[in-house]
Structures are given as C-alpha cells and as structure tokens.
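Protein chains: 2
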Amino acid sequence: MSLVILGVDPGSRITGFGVVHVNNGKIEHVNHGVIMMEATQDFPSRMTELGSAFREVMDKYKPHHVVIEKIFLGKNADSAFKLGHARGVIMYEAGLGGAIVKEYATRSVKKGVTGSGGASKEDVQVILKAMLSLKTISRIDASDALAMACYHAFELKKLATLQRAVSL
Amino acid sequence: MSLVILGVDPGSRITGFGVVHVNNGKIEHVNHGVIMMEATQDFPSRMTELGSAFREVMDKYKPHHVVIEKIFLGKNADSAFKLGHARGVIMYEAGLGGAIVKEYATRSVKKGVTGSGGASKEDVQVILKAMLSLKTISRIDASDALAMACYHAFELKKLATLQRAVSL
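Chains as they are written, first to last, in my numbering: chain A, 35 to 202; chain B, 35 to 202.
Which copy is meant is left open, because identical chains are indistinguishable; a pair holds if it fits in one copy or across any two.
Here are the simulated lysine-lysine pairs, DSS-like style, with alpha carbons at most 30 Å apart:
(1) 155 - 116
(2) 116 - 104
(3) 94 - 116
(4) 116 - 96
Bear in mind the hints are in silico, worked out from the structure with no lab data behind them.
Can you make the complete structure from the sequences, with help from the hints?
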C-alpha cells in the first residue's frame, strides 16, 4: 500500500502543512511548509489567497488523505470563528482534489506521536525529526501539520493490523 | 453604471443567494435561489458541495460585488464556528471570481430595506416583492440574500449621490 497523507494546521494568517508517504507501513517525509497570508490584506482576500495556495499544494502532492486538527471551542470564540473560515476553505479544496478528510484532536496527535497529550510544540518537533530522519523542520507551524500526518499513518497501521488479526 | 450584485446568506446546510443588476441607479431583480447540502453528508464533503455549487453561481452571474451577512458572535459559538466554514468557502470563491466582498450586519440591512432593524423575515419578503416587482420569492432563505444585495445597491447610490454633491 502506498498512500500520500497531507496534514494541515489551518490558520487565517499562517497555515502549516506536512506531507508524508506511507509505503508498506513505512512512513517517509516528503515535504513540509507554511502558507502565509499578508496581514495587511482584508479577511476575504486572505481566504482567496489561502485557497489558491492550498490548491497548489493539493495539485503538487495529490494526497489521498487530508488530515486537519479537530477544534474544541474554548473561550476565544472570535478566533475560533475566524479559524472556521480557513478550515472551510481547506476542506473545500481537499474535497475538490478528491482527498478523504480526517480530523483528529491535537491532544490525541500529541499523545500518539510523543506519548504525552500535554507535549509542547518543541517536544513534537524533536520526536518528528528523529522519526522522519530530518535535520530540521523549517517552521514550527509546519510541525503540528506533519505530526497530524504521521499520527494518521499510525492509525491506519493500527487498523491494518486489526484487519489482519480479524482475517486470520 | 451597470453593476451585478450577488447577496449571499451562507449556511452549512442551506445557503441563500440573490442577484440584482443596478442600471443607472435602478435596481432590477435577476434571480434568487438556494444551495442545499445533503444533511447525510459529512461536514467536509458539504463544504466541497457548497463551494462547487457556489462557483456555478459565480460563473453564471459574474457579480462585481458579493455581499455577505456580517456575523456577531452570540451565545451559540458552535453554530457560529460551523457557519464560519461556509463563509470561508464563499469568500474564497467570490475572490477567485474577481468580485469585491462586502459585509453588512443583518440589522442594518433590515433597517435599510424595511425601515426597521427588528423586521421579520416575512416583512423583508413583502417589501422586497414590492420593490423588485416580484410575484413570489421562492424560498425564505433567499430573501435575506436578496435583501443584502438590494441594501448594498442603496449604499452605492448614497455614495454616488455624495460624490456628485462633493464634485458640484
């Protein structure tokens, strides 16, 4: 099984992304980066910029699965509302590109990747670098996205193991 | 001056739209309708359906301006969060289609169209039908969108009158 997974950490100013390949159960890093929207632009224009840039990412990597952080509404309803716009744009383009969209809570991803749901972004980066044999992850904004892609790969592997166990 | 204005009332289940032409200060109804997303579909797929359907609306009417309801976050943060996704998709496609995006608060639109900020949807419909010489407005969901398009046309007319006054 060869699968392309694109993890996305959406934001209305900075959107991180990370791409991994899963080849016969082995996770390989492909690329990661950020889409930055100009702060001086009005909000609707930023959504157009985000969508257009994300379409380029979709076209380049052609992911089978797109993984987005699941949001729990906290105290800051206003920033969650803004974030919702960016998530909508990502979901739309992911679907247009034929990908299946999955959502995971950050806590599950951190726990799955580092062993602790309360791990810091820096902890996540250290583990990811070791796991994917990377010297650097260019932006901290991209490491959450990369972590999501890896976590989804783990979940798929677990599922595949379960399926094999059932079919024995 | 001939201008196409598309009003949109976004929703993650039903999105209303209304199109008017402004020709030499006269507002003419072009069309109105709703985009309905299947409730059985998962949320990300609904965003893809919404965006694709809205792109068809953009392609068909080629609006110069797209007008969206401005949201004030009330008690229901969860529905505002969902609505944010739909708004993001609309803003993205509106920008892709080359339109300028404007936002107005519902209260301003109702006051501008009916004279009262507290007018009911039904009141808005009655006034719109009279104003645009329509026998019916097929869906109540579309009348808010149509009201937004008309209100924006009023605002542009006010602006044009002011500009003329200044240049005298």
